[in-house]
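**Q** Sequence:
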Amino acid sequence: MTTGPKPTSPPQSPPPAEHVPEVVGNYRILRELGRGGMGTVYTAEHKLLGRAAAIKLLAPRYVDHPEVMMRFFSEAQAAAAAKNPGIVEIYDFGELSDGGGAFIAMELLEGEGLDARLRRNGRIPLAQALLFTSQIASALAAAHANGIVHRDLKPANLFVVRDPQVVGGERIKILDFGIAKVSLAVAESEIENQAEVETHNLTRDGSVMGTPTYMAPEQCRGQLDLDARADLYSLGCILFEMLCGRPPFTGSSSIDLMSGHLRDAPPRPSSIEPAIGPELDALILSLLAKDPKDRFQRASDLERALHMLLSGNPAGVIASLGGEPPAPARAPWYLRPGVLVPMILAMAGGGVALALLQRPADDTGDDPRRQPVAQVAIDAAPPPPPEPPGFYQAEGPDQEPEAVVAARASGDAVIWRVDSTPRDAQVLYQDQLVGDTKSPLFVVIERQGRSEGRSERLLVKRFGFVEQTVDLDTDSGGVHHVELVKKIELTIRSQPSGALIYGDDDEVAGRTPGMVFSPPGEEPLMFTLKAEGYADEPIEIVPDENKAISVKMAPLVTLRIESEPMGAEVWRDGARLGETPLEDRVARGREPLTYRIAYTGYRDEELQMIPRRDGERRVTLQTLAADAE
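Under the numbering used here, think of the first position of the sequence shown as 1, with each following residue one higher.
Since the hints were made in silico from the structure, they are not lab data. Since the model is a prediction, treat every value here as computed from it, not as a measurement. One or more of the hints may lead you astray.
[What the hints assert, rightly or not] Pairs of lysine to any residue, SDA-like flavour, derived with a Cα cap of 20 Å:
#1 Lys530 x Lys486
#2 Lys552 x Lys486
#3 Lys438 x Asp419
#4 Lys83 x Val20
#5 Lys486 x Glu522
#6 Lys530 x Pro496
#7 Lys290 x Pro274
#8 Lys83 x Asn146
#9 Lys530 x Met553
#10 Lys293 x Asp225
#11 Lys552 x Gly589
#12 Lys547 x Glu522
#13 Lys290 x Leu224
#14 Lys438 x Ala394
#15 Lys438 x Thr421
#16 Lys438 x Ala409
Throw the hints in and build the complete structure from the sequences for me.
**A** Right, here's the structure in full:
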């Protein structure tokens with residue numbers, strides 16, 4: 001492993017006594033929240049605005065160490081530059097007025113760290129883990145666009161907060177950009193002092209910084225030119241841990257951990273959690289590729305892949321927040337063949353390259369800006385079918401791609417502009433992804449060869465919303481705005497947790513705690529909860545509003561019945577249960593159960609058993625001949 005000079009070490013003893021000022025900048029200190037390696041965090045209030053904030057004070061022992069001070073300020077600069085709902089917001093930062101330290105003022109978050117969530121629950125339910133990962137990818141895309149590589153992404157630097165505006169009701173935020181690497185180009189353009197440029201690049205000396213459990217192989221080697229793909233590797237480790245309950249590599253020392261990242265193949269996630277299907281396996285393993293060229297190349301590519309995964313649900317199906325069972329009667333949508341693997345292979349190792357046929361270059365010229373996002377091929381058959389529509393993604397809300405401008409000028413095509421509320425929905429044509437609504441999507445339909453009254457159908461879908469079909473008239477164009485309706489969120493919890501959720505079609509749909517995403521309606525949805533050692537629990541939910549249902553499942557007890565002679569039939573509630581010796585597993589309760597014991601040539605006997613606990617009864621049957629005597 002290549003290493004360079006070690007950074008200056010802070011003094012070990014005695015540490016200076018920490019002085020807590022009453023006022024920091026424009027903020028009044030209220031109370032201590034917690035302590036970390038570089039300092040202490042306090043709750044505070046803006047003196048004039050009354051806005052609550054968290055104030056992070058650099059520990060006094062670091063004040064005389066310029067490298068540590070610069071690392072502290074780089075955290076604030078990095079987080080402030082990458083404005084995104086998934087990154088903690090920075091209000092202010094600077095040195096204390098008395099010169100005795102430094103501070104960062106940031107938004108005050110209420111929630112818990114992802115590390116605390118994992119310690120408490122062991123794993124994160126599948127759909128929630130994918131939602132969290134998508135949110136993190138979105139935040140990383142914003143940071144990377146500003147030339148910032150986090151370099152220390154881990155559960156302890158991720159914080160979960162309530163947010164009713166997002167599907168699932170929780171948002172994850174990235175904290176602590178303390179060892180973030182600002183690219184040299186960005187630093188040089190924004191910082192005039194050359195010394196400051198050098199200290200912003202904290203790995204310039206080849207020293208290894210980060211957390212070994214989540215470090216990319218190139219980071220373990222002390223590589224200088226880390227890029228966004230190192231963060232994506234760390235995110236792959238986190239996603240692996242959320243789903244499997246452990247990171248991909250474990251060891252008793254940092255050397256063991258880094259050796260695993262450098263040399264060992266990561267275990268296939270499905271070998272630890274059988275609920276994970278081949279497509280999700282492929283996504284995670286592509287993130288954990290040793291060579292950065294084999295990973296997703298951009299966080300936005302990963303975010304798009306996750307959106308495809310999450311939006312693959314048909315309306316009304318359960319997106320489990322409790323993981324999927326090992327062997328469902330029918331594979332969940334994300335396990336079904338062909339859903340994601342081709343897309344992952346296209347995205348990983350070379351950017352997004354959807355497996356859709358491009359319009360030939362001679363149709364739109366050689367200018368790549370005039371190439372359609374995607375063109376769906378239709379098998380040729382006599383008579384020749386009309387040309388399929390061309391789909392062109394606008395670069396901004398008020399811009400038209402050049403190919404659309406040219407088609408409009410020619411007058412030979414019908415042009416539709418498709419957008420949606422909310423934005424960022426996926427648009428499919430003939431079951432293939434052709435674009436999204438982050439920016440307007442233009443659909444160019446050539447008039448030649450089309451009969452009047454014909455239309456082209458699109459499908460607009462977004463996770464957590466009811467998918468909608470869009471029929472575009474091929475006679476006239478215009479603007480088609482899609483108002484997506486949010487699905488109702490129905491949370492199902494059980495005691496104990498981990499019960500399988502069965503739909504009314506007897507297909508396994510998830511585990512508790514789980515969330516049902518359903519179109520609004522008045523017709524009840526029927527489910528059955530099943531757990532080993534507990535009686536089946538039917539539930540009925542009307543999807544008229546967001547709601548949560550908690551069910552306490554009744555434990556099963558075993559009632560054993562024997563008879564003399566053996567082999568007698570056992571009946572309960574008009575149903576034949578089997579022959580003696582027989583064990584009946586029933587819900588624990590206080591009401592007696594009545595059994596009928598029948599054997600040819602013998603008189604029927606009835607017995608009652610109260611299922612408070614496991615029990616056993618033996619019945620001696622009387623022959624009919626004995627009754628005659």
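**Q** Against this structure, judge whether each hint is valid.
**A** Cross-check of the supplied hints:
1. Lys530 x Lys486: Violated - the C-alpha atoms of Lys486 and Lys530 are around 29 Å apart, more than 20 Å.
2. Lys552 x Lys486: Given that 20 Å is the threshold and the Cα spacing comes to 29 Å, the pair is violated.
3. Lys438 x Asp419: Within the cut-off at roughly 8 Å; holds.
4. Lys83 x Val20: Violated - the C-alpha atoms of Val20 and Lys83 are around 30 Å apart, more than 20 Å.
5. Lys486 x Glu522: 15 Å, holds
6. Lys530 x Pro496: OK: Lys530 and Pro496 at ~10 Å, within 20 Å.
7. Lys290 x Pro274: 24 Å, violated
8. Lys83 x Asn146: Given that 20 Å is the threshold and the Cα spacing comes to 9 Å, the pair holds.
9. Lys530 x Met553: Distance ~9 Å between Lys530 and Met553 Cα, so the pair holds.
10. Lys293 x Asp225: Distance ~14 Å between Lys293 and Asp225 Cα, so the pair holds.
11. Lys552 x Gly589: Holds, because 13 Å separates the two Cα atoms, which is no more than 20 Å.
12. Lys547 x Glu522: 14 Å, holds
13. Lys290 x Leu224: Status holds; Cα separation ~16 Å.
14. Lys438 x Ala394: Between Lys438 and Ala394 the Cα gap is close to 9 Å, so the pair holds against 20 Å.
15. Lys438 x Thr421: 10 Å, holds
16. Lys438 x Ala409: Given that 20 Å is the threshold and the Cα spacing comes to 26 Å, the pair is violated.
The structure fails to meet hints 1, 2, 4, 7 and 16 from the earlier list, while all remaining hints are met.
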